[in-house]
Amino acid sequence: MVDVGSHARHDRFAIAGALGGGVLPSTVRTCPSCGALHRDLLSIQTAIRHAWTPRRPRDLRLSRAGLAERRHTLWRRLVDAFGSSRDTVTRPLALGLTSLGIAGLVLTNVPFGAADGVSFGGASAAASPEIASPASAPYLSTAVDGKAGSVEPATPPIVVISIASVAAGGTILGLRRVAARRRAVR
Amino acid sequence: MEEDLRSTTVPDDPVQRRDLILIERSREGDLDAFNDLVSLYQDALFALVVRMVPDRDQAADAVQEAFFSAYRNLASFRGGSVKSWLNRICVNAAMDTQRARKRRPVQPYPELDDESWQPRAGDEVDPERIAVHAERSRVLAAAMAHITDDQRTAIVLYDVEGYDYSEIAEMTGVSLGTVKSRIHRGRLSLRDILSDRMELFRG
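Those sequence lines, one after another, are chains A and B.
Under the working numbering, the first residue of the first sequence is numbered 1, with each subsequent residue one higher.
Under the working numbering, the first residue of the second sequence is numbered 1, with each subsequent residue one higher.
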């Protein structure tokens, strides 16, 4: 007995898969809706194979002028390599570098853009009034005036690496954008 | 040192032999020889790309870009079928165009009228059947433009070009399972889109 109401629970995906050599689900024979779906998918597949295409709008032969225009400079080769369909590396690489860099900066608690007030190992200088003054926390002050008593802080390597990582990731993402724009206008 | 293709591979197929001779002359800087290849394959490659990129002008640009790329990279051709080599370059160019289109969406087939559709050689001559076939092709193309680029690419490569799942996975840089999923979901989406017009495709 055919339970037509149960069609909603039948596996449409498996029926579509059968067109590519998968096992034909039994519901194609027992459920009229699944049978109709299978027949429709076959009809569409046949139509795709035999469909006409629009006419080619112009002759695509190459000219010497066109070749000269597209002469490959090193810069162009580099930009073309970024973000093309063959490029499966740069996007995850850029996102990974940026994420690692941001994570590093967050872990070391360095606020973005804190170029002149460096803090490490605790809350940021701006957020901590008791250490906001170089006088009260001489170990945080930078040697702007070069006077005796002020200490030149050494930026921890993790901060440098994090900033470099963010910068590298950002640069790669920027290059991908430039390459995509170039392709879009070409 | 440039490899002499004729000396290493002498295919029995006269088409392949002709193509290899043209490639070899192109490698020596003969642009006319390369343009002979363009003339031979531009229709087939345009038909492939225009199915993936539903805009005639952008598809033509992509194919021409692929030919420029092929000419610049003649040294990377390692023998075998020239058509397959050009096919792969065109598929890459089409995928690049699809990405660019995502940033600048355009209307699919904005200006196409009846004369813009190209029957295949040897197709029917009966005017009524021609009209039905043209209508079917137009409706199908519009539906294809509404599924995702990834689904469309996978379906075209599988159904029209005859690549198998693993070849498509390699060409598009995704897993076998992803290719199958794209094809199956694409087919179901097409059926949903075309549900009101299915009488055009039956029989």
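Among the hints, a few may not be true.
[Claimed, not checked] Below, a list of computed lysine to aspartate or glutamate pairs in the EDC-like style, where the Cα atoms sit at most 20 Å apart:
no.	chain 1	residue 1	chain 2	residue 2
1	B	LYS83	A	ASP11
2	B	LYS102	B	ASP57
3	B	LYS180	A	ASP59
4	B	LYS83	B	ASP164
These are calculated hints, taken from the structure and not from any lab test.
Note that the structure is a prediction, hence the values are computed from the model and not measured.
Verification of the supplied hints:
1. B:LYS83 / A:ASP11: violated, 39 Å
2. B:LYS102 / B:ASP57: At roughly 16 Å apart (the allowed maximum being 20 Å), ASP57 (chain B) and LYS102 (chain B) satisfy the hint.
3. B:LYS180 / A:ASP59: violated, 35 Å
4. B:LYS83 / B:ASP164: holds, 17 Å
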